[in-house]
Amino acid sequence: MNKVQVYLYATLRQFHAGAGSVNGTEIEVPDGTAISDLYRLLGIPEDQVKQAFVNGRHKDPDYLLRDGDRVGVFPPIAGG
Amino acid sequence: MRFLRVKMDELKVVTEEVPEQYRKLAGRGLTSRLILDEVPPTAHPLGPKAKLFIAPGALAGTSAPSSGRVSVGGKSPLTWGIKEANAGTPVAQSLGRLGIKALIVEGEPKDGKYYILKVTKDGTEFLPAGDLVGKGLYEAYGELKKSFPTAGFIACGPSAERKLATAGVCFNDTEGRPSRYAGRGGLGAVMAAKGLKFIVVDGTGTQPVAPANAELFHKGTEKLREAILTHGVTKPGGTLNSYGTAALINALNEAGGLPTRNFSSGRFEGAAKVSGEHLADVIHQRGGEGMTGHGCHPGCLIKCSNIYSKPDGKEHVSCVEYESDWALGPNCGIDDLDAIAEMIWQCNDLGIDTIELGVTIGVAMEAGLLKFGDAKGAVALFDEIRMGTALGHILGQGAAFTGRAFGVVRVPTVKGQGMPAYEPRAVKGIGMTYITSPMGADHTAGYSVAVEILSVGGKADPLAVEGKGALSKAFQETTAYIDTSGYCLFIAFPILDIASGFEGMIESVNAVLGTEFTGADVTKFGAEVLSWEREFNRLAGMTSAHNRPPEFMRYEKLPPHNNVYDVPDEELDKIAGA
Ligand code: SF4
Chain L
1 MNKVQVYLYA
11 TLRQFHAGAG
21 SVNGTEIEVP
31 DGTAISDLYR
41 LLGIPEDQVK
51 QAFVNGRHKD
61 PDYLLRDGDR
71 VGVFPPIAGG
Chain R
81 MRFLRVKMDE
91 LKVVTEEVPE
101 QYRKLAGRGL
111 TSRLILDEVP
121 PTAHPLGPKA
131 KLFIAPGALA
141 GTSAPSSGRV
151 SVGGKSPLTW
161 GIKEANAGTP
171 VAQSLGRLGI
181 KALIVEGEPK
191 DGKYYILKVT
201 KDGTEFLPAG
211 DLVGKGLYEA
221 YGELKKSFPT
231 AGFIACGPSA
241 ERKLATAGVC
251 FNDTEGRPSR
261 YAGRGGLGAV
271 MAAKGLKFIV
281 VDGTGTQPVA
291 PANAELFHKG
301 TEKLREAILT
311 HGVTKPGGTL
321 NSYGTAALIN
331 ALNEAGGLPT
341 RNFSSGRFEG
351 AAKVSGEHLA
361 DVIHQRGGEG
371 MTGHGCHPGC
381 LIKCSNIYSK
391 PDGKEHVSCV
401 EYESDWALGP
411 NCGIDDLDAI
421 AEMIWQCNDL
431 GIDTIELGVT
441 IGVAMEAGLL
451 KFGDAKGAVA
461 LFDEIRMGTA
471 LGHILGQGAA
481 FTGRAFGVVR
491 VPTVKGQGMP
501 AYEPRAVKGI
511 GMTYITSPMG
521 ADHTAGYSVA
531 VEILSVGGKA
541 DPLAVEGKGA
551 LSKAFQETTA
561 YIDTSGYCLF
571 IAFPILDIAS
581 GFEGMIESVN
591 AVLGTEFTGA
601 DVTKFGAEVL
611 SWEREFNRLA
621 GMTSAHNRPP
631 EFMRYEKLPP
641 HNNVYDVPDE
651 ELDKIAGA
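Protein sequence lines correspond, in order, to chains L and R. FYI, the working numbering numbers position 64 of the first sequence as 64, with every residue one higher than the one before it. FYI, the working numbering numbers position 427 of the second sequence as 507, with every residue one higher than the one before it.
Honestly, the hints are just simulated from the structure, not real lab data. Careful, some of the hints might be misleading.
[To be verified] Stretches of chain L that chain R covers, calculated by requiring three or more beta carbons in the stretch to come under 8 angstroms of a beta carbon on chain R: (1) 13 to 19; (2) 32 to 45.
[What the hints assert, rightly or not] Restricting the straight-line Cα-Cα distance to at most 30 angstroms, the calculated cross-link-like pairs of lysine-lysine (BS3-like) are: (3) R:Lys383 to L:Lys3; (4) R:Lys92 to R:Lys129; (5) L:Lys50 to R:Lys353; (6) R:Lys315 to L:Lys50; (7) R:Lys92 to R:Lys198; (8) R:Lys104 to R:Lys215; (9) R:Lys539 to R:Lys451; (10) R:Lys104 to L:Lys50; (11) R:Lys390 to R:Lys451; (12) R:Lys92 to R:Lys215; (13) L:Lys59 to R:Lys190; (14) R:Lys190 to R:Lys104; (15) R:Lys225 to R:Lys215; (16) R:Lys215 to L:Lys59; (17) L:Lys59 to R:Lys315; (18) R:Lys539 to L:Lys3; (19) R:Lys539 to R:Lys243; (20) R:Lys394 to R:Lys456; (21) L:Lys50 to R:Lys215; (22) R:Lys353 to R:Lys198; (23) R:Lys353 to L:Lys59; (24) R:Lys654 to R:Lys104; (25) L:Lys3 to R:Lys637.
Values in this document were obtained by computation on a predicted structure and should not be read as measured data. A virtual CB, placed ideally from N, CA and C, is assigned to each residue, including glycine.
Next comes chain L alone, as it looks inside the complex (with noise of 0.2 angstroms):
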């Protein structure tokens, strides 16, 4: 099994409550736990999932989380 921190942001904070909070919500998952796995765990859409940091950087969908991951996940943002 693996920890991994959980943030939901923006838009995607009505799907999780821990989640979506301000301190995001510890996540145990078996091995071979992909981010795309993570978002029906939580009951995110995909479609409405633009993007996910992985420890502060881009990781795709199929990306394996492991122990001690910080994972960030965002619908469609800018600003400027």
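Add chain R with the ligand to chain L, keeping to what the hints say.
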């Protein structure tokens, strides 16, 4: 369309037909060309030979969506190079409807006094600024509103009267607040040096600008409208509309590129508390006069602005946007939105650029003047500026000046201008824009962050160097065109992803200016504007040594990615065409 040449030494306005070579220019393209043609590059920015140019974008005053932008140009007292800063405001639309291609302000009043210039469809008039001089802009705008209820206002604040290089040029928003700034580069001080305190612009009795080719205009604006209304970030209820630009706080924090405590870390432990998400929650919880989804001018479809309220629901300030939030927040180690809102209010009232002052306070904290995170101490610094103390004058001259005054080495500036809210060591492409832009460190000059962080218009690893030179260059060129068009730069997000939106933008501009641009001409035009700007800087004495990062970024590793700024000098020279 005509030029109004405002001769402050004679208190006279001369109406000029627009010479042929300027007819197809507007906004930034026009101000930059006029600066190169009319301002001696070695002139003192606050001296008698300096000039101030105010030019609405090509589409300002038409019915095109999100097109109420106006450019202000001159020689910058902050960078001592060329400067264009722009704002979204109903005043831009009024200037367009009045048929004014540019206001050219020159000379200085012989009596050393401040004046108001009134511009209506019937002509122009000078009035003494009287006791509006020295007043904060909220009070001054209130009084102007009483005297000119149907007008909009261009102003410089008390900071500009003190000739501070952080002073911006202020415009009103939809409801008349002094809150929309052509903020960067100290152009407010240039306006004050001309003895011009306010320009009252009244578009009453004018009609929307009729495009030369109405059919093409309609076709183009419809395509663009469609793109804006469907793209995830600009559509109603999209992130810009729901959270404002401050939605970027969490994104940059996740990416490790949120400059924290004067550019000493890329992550801020208090980020969530100043994020766009939290900001929207606070506004909605407090109810009352606060709102998200506010438009800076009528006709904006995106509406990224907001009104932040006090705990009792009364209005505090508009608007808390990403750059201001970051500059006065994470950059100073401050995680208190109410304190940040108060500092933005102070900046608006004094007529100060929030980015430059936030970066300056960060440097002052580095110098030990106060501690990082000391929100109360930071708010108190505004009294120094307001009272015009010696310390207030030092801070008011910006980050580079303050750094020198206190012997600070970690000073995040390029060409003397403070860096905005993206860490170059964590987002390499935007660093190239900061470093090579003729404007000094300016994120809007070539927003490669779209690709590097937001994955809009493509996707790239923010830490990678390869390919970023071309990316920054293309963004800088396209931006010079958009800044000329009068469209808000935020239309770039939908048009980067939706090809028909990009076409629509070009068609609508062609329809108004009578140009026949294709997609390829956009970057060509932008490159030409940049070449004028670089030429002015060269003649003003800038060399390739000015296209370099602050030295500390070359050797200090930035957590969490522990990168230095490793873009080679040769690459920077290539982008700058040196
Ligand atoms: S998107 Fe924001 S900054 Fe741009 S015009 Fe609209 S409200 Fe103003």
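Taking the hints in turn, this is what the structure says about them:
Residues of the stretch 13 to 19 of chain L lying with their CB closer than 8 angstroms to a CB of chain R number 1, which falls below the three-residue condition for coverage. For the stretch 32 to 45 of chain L, the assignment as covered by chain R is violated, since 0 residues bring a beta-carbon within under 8 angstroms of that chain's beta-carbons and 3 are needed. For the hint linking Lys383 of chain R to Lys3 of chain L, the alpha-carbon distance of about 40 angstroms lies beyond 30 angstroms, and the restraint is violated. Of the pairs offered as hints, the one joining Lys92 of chain R and Lys129 of chain R holds, with about 17 angstroms between alpha carbons and a cut-off of 30 angstroms not exceeded.
A hinted pair counts as satisfied when its Cα atoms are at most 30 angstroms apart, and Lys50 of chain L with Lys353 of chain R qualifies at roughly 23 angstroms. Simply put, Lys315 of chain R and Lys50 of chain L have alpha-carbon atoms about 15 angstroms apart, close enough for the 30 angstroms limit, and the pair holds. Restraint check for Lys92 of chain R and Lys198 of chain R: the C-alpha separation of about 12 angstroms stays at or below 30 angstroms, so the hint holds. Between the alpha carbons of Lys104 of chain R and Lys215 of chain R the distance comes to roughly 39 angstroms, so the proposed pair goes past 30 angstroms and is violated.
Restraint check: the Cα-Cα separation between Lys539 of chain R and Lys451 of chain R comes to about 38 angstroms, which exceeds 30 angstroms; the hinted pair is violated. Proposed proximity of Lys104 of chain R and Lys50 of chain L is contradicted: the alpha carbons are some 39 angstroms apart, above 30 angstroms. Proximity of Lys390 of chain R to Lys451 of chain R is assessed by CA-CA distance (about 25 angstroms); at most 30 angstroms being required, the pair is judged to hold. A C-alpha spacing of about 26 angstroms is found between Lys92 of chain R and Lys215 of chain R, which places the hinted pair at or below 30 angstroms, so the restraint holds.
Distance hint between Lys59 of chain L and Lys190 of chain R is unfulfilled; the C-alpha atoms sit about 64 angstroms from each other, more than 30 angstroms. For a cut-off of 30 angstroms, the pair hint linking Lys190 of chain R to Lys104 of chain R is broken: about 35 angstroms separates their Cα positions. Restraint check for Lys225 of chain R and Lys215 of chain R: satisfied, since their Cα atoms lie roughly 14 angstroms apart, inside the 30 angstroms limit. This hinted pair does not check out: Lys215 of chain R and Lys59 of chain L have alpha carbons roughly 52 angstroms apart, beyond 30 angstroms.
Proximity of Lys59 of chain L to Lys315 of chain R is assessed by CA-CA distance (about 26 angstroms); at most 30 angstroms being required, the pair is judged to hold. Annotation: proposed proximity of Lys539 of chain R to Lys3 of chain L holds, straight-line Cα distance about 28 angstroms (limit 30 angstroms). For the proposed pair Lys539 of chain R and Lys243 of chain R, the alpha carbon gap of about 43 angstroms is over 30 angstroms, so the pair is violated. For a cut-off of 30 angstroms, the pair hint linking Lys394 of chain R to Lys456 of chain R stands: about 21 angstroms separates their Cα positions.
Taking the CA atoms of Lys50 of chain L and Lys215 of chain R, the gap is near 47 angstroms; set against the 30 angstroms cutoff, the hint is violated. Distance restraint check for Lys353 of chain R and Lys198 of chain R: the Cα-Cα separation of roughly 44 angstroms exceeds the 30 angstroms cut-off, and the hinted pair is therefore not satisfied. Restraint check for Lys353 of chain R and Lys59 of chain L: the C-alpha separation of about 26 angstroms stays at or below 30 angstroms, so the hint holds. For a cut-off of 30 angstroms, the pair hint linking Lys654 of chain R to Lys104 of chain R stands: about 29 angstroms separates their Cα positions.
Taken as a hint, the Lys3 of chain L and Lys637 of chain R pair is honoured in the structure, with Cα atoms around 29 angstroms apart against an allowance of 30 angstroms.
The structure fails hints 1, 2, 3, 8, 9, 10, 13, 14, 16, 19, 21, 22 (numbered hints given earlier, in ascending order).
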